[in-house]
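S.K.: Take these sequences, add in the hints, and give me the full structure.
Each chain, letter by letter, is given below.
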Amino acid sequence: MVVAATWLLAACQADISGTAEPPEGSSSDPPGPGEQTETPEPGDWFGAVQQADCKAPRQLARTRIRRLSSVQWKNTVAQGLGVPTPAQDLPQDAISSATGFNTDANLNKVNVLLANAYFDVGDALAPSAVTAALQAFPCLGASAADAACSVPFIKAVGGRLFRRPLTDAESTRYAALLTAQAALDPAATAVGTVIRALLLSPNTIYLTELGDSRAGEVTLTPYEQAALISYNVADAPPDQALWQAAEKGPLNEASERQAHAQRLLQTAGARAKYADFWQQYLPLGDLRKATDLDPALSVAIADETQQHFDKIVWEKNGGFADLLTAPYTYGQQSLSAIYGNLTPNGSGALSLPAGQRSGFLTQSGFLFADADSSVPHKVIHRGLTVRRRLLCQSPPPPPANLMPQVADLDPLGADATPLESYTAFAAQKPQCAACHSAFQPIGLAFEQFDNLGRYRTTYEDGKPINTAGVLENAGDASGPYANAVEIGQHIGSSKIGEYCFSRQYAEFALGRHLNASTDACVIRAPSDTQANPPIQKLALVLSDLQARTHRAHN
Amino acid sequence: MTNERHHVYSRRNLLRGLGAGAVLLSPFIKHRSSMAQQAAAGNVLIFFTPNGHIKDEFEADGSGASFTLKKSLAPLEAYKSELAVIRGLALKTPTEINSHDDICRILTCWEGPDKALAYGPSIDHVIGNAIGKRPLYVNPEPNRAEGHWRNALSWRASGEAEPFLTDPTAVFSSLFAGGVMPGTSAPDPVVERARARNKSLLDFVKDDIQTFRGRINSEDKAHLDLYLDSLRDVEQRVTMSGGAVGGGGGICLPDPVKQRIAELPLTPEQNDDNSPAGLAENLRLNGELMIDLISAGFACGTQRVASILWQGASEGLDPANNKGSPNHHSVSHSTDFDSWKAIDVWYAQRFAYTLESLKKVGMLDKTIVVWVTEIAQGHETGDFVYIVAGGQSLGIKTGQRILYPFSGNPGDKNVLKDPKHRSLADLWVTVQQAMGVPDETFGDPKWSTGPLRELRPA
Chain A
1 MVVAATWLLA ACQADISGTA EPPEGSSSDP PGPGEQTETP EPGDWFGAVQ
51 QADCKAPRQL ARTRIRRLSS VQWKNTVAQG LGVPTPAQDL PQDAISSATG
101 FNTDANLNKV NVLLANAYFD VGDALAPSAV TAALQAFPCL GASAADAACS
151 VPFIKAVGGR LFRRPLTDAE STRYAALLTA QAALDPAATA VGTVIRALLL
201 SPNTIYLTEL GDSRAGEVTL TPYEQAALIS YNVADAPPDQ ALWQAAEKGP
251 LNEASERQAH AQRLLQTAGA RAKYADFWQQ YLPLGDLRKA TDLDPALSVA
301 IADETQQHFD KIVWEKNGGF ADLLTAPYTY GQQSLSAIYG NLTPNGSGAL
351 SLPAGQRSGF LTQSGFLFAD ADSSVPHKVI HRGLTVRRRL LCQSPPPPPA
401 NLMPQVADLD PLGADATPLE SYTAFAAQKP QCAACHSAFQ PIGLAFEQFD
451 NLGRYRTTYE DGKPINTAGV LENAGDASGP YANAVEIGQH IGSSKIGEYC
501 FSRQYAEFAL GRHLNASTDA CVIRAPSDTQ ANPPIQKLAL VLSDLQARTH
551 RAHN
Chain B
1 MTNERHHVYS RRNLLRGLGA GAVLLSPFIK HRSSMAQQAA AGNVLIFFTP
51 NGHIKDEFEA DGSGASFTLK KSLAPLEAYK SELAVIRGLA LKTPTEINSH
101 DDICRILTCW EGPDKALAYG PSIDHVIGNA IGKRPLYVNP EPNRAEGHWR
151 NALSWRASGE AEPFLTDPTA VFSSLFAGGV MPGTSAPDPV VERARARNKS
201 LLDFVKDDIQ TFRGRINSED KAHLDLYLDS LRDVEQRVTM SGGAVGGGGG
251 ICLPDPVKQR IAELPLTPEQ NDDNSPAGLA ENLRLNGELM IDLISAGFAC
301 GTQRVASILW QGASEGLDPA NNKGSPNHHS VSHSTDFDSW KAIDVWYAQR
351 FAYTLESLKK VGMLDKTIVV WVTEIAQGHE TGDFVYIVAG GQSLGIKTGQ
401 RILYPFSGNP GDKNVLKDPK HRSLADLWVT VQQAMGVPDE TFGDPKWSTG
451 PLRELRPA
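Those sequence lines, one after another, are chains A and B.
Taking this note's numbering, the leading residue of the first sequence gets 1, the next gets one more, and so forth.
Taking this note's numbering, the leading residue of the second sequence gets 1, the next gets one more, and so forth.
No wet-lab data here; the hints were simulated from the structure.
Glycine included, every Cβ here is placed at the ideal spot set by N, Cα and C.
Treat the hints with caution; some may be incorrect.
[What the hints assert, rightly or not] Sample of chain B residues lacking proximity to chain A, with all beta carbon distances greater than 10 Å (derived):
(1) 81
(2) 88
(3) 160
(4) 196
(5) 217
(6) 222
(7) 231
(8) 265
(9) 280
(10) 281
(11) 342
(12) 365
(13) 395
(14) 449
[As the list claims (entries may be wrong)] Straight-line distance between alpha carbons at most 27 Å, and here's what the computed BS3-like set of lysine-lysine pairs gives:
(15) 397(B) with 55(B)
(16) 537(A) with 495(A)
(17) 360(B) with 55(B)
(18) 360(B) with 70(B)
(19) 155(A) with 206(B)
(20) 248(A) with 155(A)
(21) 397(B) with 359(B)
(22) 221(B) with 258(B)
(23) 199(B) with 109(A)
(24) 413(B) with 429(A)
(25) 199(B) with 155(A)
(26) 221(B) with 109(A)
(27) 311(A) with 537(A)
(28) 446(B) with 420(B)
(29) 420(B) with 397(B)
(30) 311(A) with 155(A)
(31) 109(A) with 206(B)
(32) 397(B) with 413(B)
M.R.: Here is the structure:
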């Protein structure tokens, strides 16, 4: 996510020539084509979230549609047709500059590539789908044109794909297509054509919040509620229990909605969804560039990053603070080659050397920088990640007319330490330092870790490493620190860190950029009843919020 | 460093290939008013190289028909009578900060808030719309990923960048696989039935979308509009028999070009700024093959509008020194003028190859070739040097240097907008009119004053 904080902008000019340029994705961007003007993002997003009155009546969210993600589409198709999950890859969705995730509902449309992929995958799946259909509805082989046979088939398959019962008009229309095709083709081919049509229907492709689609206030249907819960938690269409609940009527009780969400949270789909979030949240170094790294160790590094998250979320039911401050890690003993002596703590984890590391910010997966990465680049990358991902604050991007030279950031030459270089750079180029001061000092706090994440106290030339500093403009995480571990502790024990993590997850799961003014209560919701809420709770709370029934339609 | 077979493509490229026919065989919605007339024949090829040029050498001396090519254009000496060197045009619709992201604007000529987006269709699509044929957009780098403004030269519409093809097999397929070439045998009834079935299927789905569209919030209707548009591309790919689109008339011999696809050497993968040996040579081979494919498509009449992005804006190999990306960009902001000039010369050799390729199949005089770049020099988007070649049968007057007066700082937006400076958009007015689109403006109408009569006399 990208939030431009006014405290930064006040001193931070995006254009070195003096013409300020709005940061990418910032609230000061005029709306793009087809976008509505939004409430401006407050300069102090954390303050706005803290101060929001979440008991006051809120403006209704608008009705919307969301194209299913690739994973959601595949799960829907597999479940709907009774076939294995399609192996074919769909085009990758773009990473949103506003959220940093590939789930942006505004961006994710059915473009030419995707439409072709849908068509071709549907074509490829048709034979096995037809086989399944003919087994379930044997009458199709001889009487495909007979409505008594075709309508039940269409209602069954179409209902699963659309996540709702088809209307009579819809089933009649599809039956007519089957009749027409059966007059021209063998029955199996005609059935395949109808299945392909169902797959290409927008009712399959889009998750809806349309309700009865009257102008003004509308009420979601029970089936939409069920689908919202299911896709939000597990990236899958409603299971039988949810479907049956929807058949009985609206899911008005929060306890009922949450019970379904809690059940779905135990599925593989939910775990895969969280894993997807984590992989997109954390900008891992590209280990493929580690040409001098033992391949097995490279695998262990990547594995540690994911295991740490999985274990804390699913086994310890931990929260963001645990991710950030755990004095232990999960992974292979071979990581000792990087971390020094790792000792099993008896509960399946490995204790980290005391005082040197804690949490994911000090893991090799996060710290890794390839050998060709310049020191300033590495420092800036680490510092910016903390600002953006952990504090939800982003300085504007470098001005387009800036031609940075490595020498600018290294004014004292290669023999100077990164801290000496930064100090000289900031003195020589105050207009650059106005922005760099927000993140580069944070990056310097990570200098106790080399490119591979190995701990060190001096540079190779014997010069000492000074990692102390003051975290500024970071809400309740602000304060002096001695090193990166303490930065993690500051943020891990702060509300700004907690809210930021909830915000990041919500932007990923809801597929939109949240506004700290209008979405403050969404951001705060997981923390309403519990400080440092378990990460599992994020999906539960969001799916429940999503499934509440009223929307505004125009 | 890993090597890959050239024809081993990424998942993304394969999918792009799947959509290749769609990309290229679109029956475009004819929504523009400016399509009353079509040129009976004629083609346009946009030739993009990044990062501008050193204009001191990438230029000509003299004026009118009496001109001398300078050093960077020396490879074009044999084609001097086939080209026009145009100096002095200004992009009047840059971002606040003229920069490389104006790759999004040089072919679209609309302003907008997001520098990484275009706000209207590019010239290739405007012409494609008019002739009912989705233009071809290629890049000769198998490892290039799409989805970045650096590659966003061609725009279907506001906010909708055209994906490019990097796989020559996909390019060939899109040009010829769906096409019933003149003189081929009668259609296969099984294939014909499959096409008819697909047509029924897609018609049904389109009706479904229209019904669905009626239920959704006005803000989301664009989703359905794009889906409908995309399905039309699918439809063209899976229901139409392809064939000529009003151009052609050249020496139509695609098979020898196809044969060369299999003969392409390994493509090294660039993992850092240091180019592995052979990367530049590989770019040359891939690029020239793409050019020959385009020429074949033009000659056979299966395509009429194409663009080639040799390298992305603000990056690029230094092919003259066989250094990897972004060394081209780096030298364009350095004092290493020799390297920069050498890059210009290298691309001039590729441009010469392009003209010869078209000439060999008898299409140069029927094809307007425009060499464009997103930056004139440094970070300036005024006082461009552009080269237009061919197209004589479409009224293009070649064998001349055209000088449009330019004064002031070509990096200053206000200077660019000064009415005394001729608009780059007017070059596209000229090109579109040559292709049968009669509009007197291109892009944002307030920055057009009509066609360049020096280039295409009335």
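S.K.: Regarding the assertion that residue 281(B) does not contact chain A, is the least Cβ-Cβ distance greater than 10 Å?
M.R.: Per Cβ check, residue 281(B) is outside 10 Å of chain A; nearest 24 Å; holds.
S.K.: Check the non-interface label on residue 81(B): least C-beta distance to chain A beyond 10 Å or not.
M.R.: 39 Å, holds
S.K.: Over 10 Å to the closest beta carbon of chain A is the bar; see if residue 449(B) clears it.
M.R.: 26 Å, holds
S.K.: Since residue 265(B) was said not to touch the interface, does its Cβ keep a gap of more than 10 Å from each Cβ of chain A?
M.R.: Its Cβ never comes within 10 Å of chain A, the nearest being 24 Å, so this holds.
S.K.: Checking a non-interface call: every C-beta of chain A should be farther than 10 Å from the C-beta of residue 342(B). Is that right?
M.R.: 21 Å, holds
S.K.: Take a quick look at residue 395(B) and tell me if its Cβ sits farther than 10 Å from every Cβ on chain A, holds or violated.
M.R.: 33 Å, holds
S.K.: Check whether the Cα positions of residue 199(B) and residue 155(A) lie no farther apart than 27 Å.
M.R.: 24 Å, holds
S.K.: Between residue 397(B) and residue 413(B), is the straight-line Cα distance small enough, at 27 Å or below?
M.R.: Roughly 30 Å between the alpha carbons, so the hint for residue 397(B) and residue 413(B) is violated.
S.K.: Does the structure keep residue 413(B) and residue 429(A) at a Cα separation of 27 Å or less?
M.R.: Holds. Residue 413(B) to residue 429(A) sits at ~26 Å (cutoff 27 Å).
S.K.: Hinted pair, alpha-carbon criterion (27 Å max): residue 446(B), residue 420(B). Please report holds or violated.
M.R.: 14 Å, holds
S.K.: Quick one, are residue 155(A) and residue 206(B) close enough, alpha carbons at most 27 Å?
M.R.: 20 Å, holds
S.K.: Holds or violated: is the Cβ of residue 222(B) farther than 10 Å from all Cβ atoms of chain A?
M.R.: 5 Å, violated
Checked against the numbered hints listed earlier, the structure breaks hints 3, 4, 5, 6, 7, 17, 22, 30 and 32; every other hint is satisfied.
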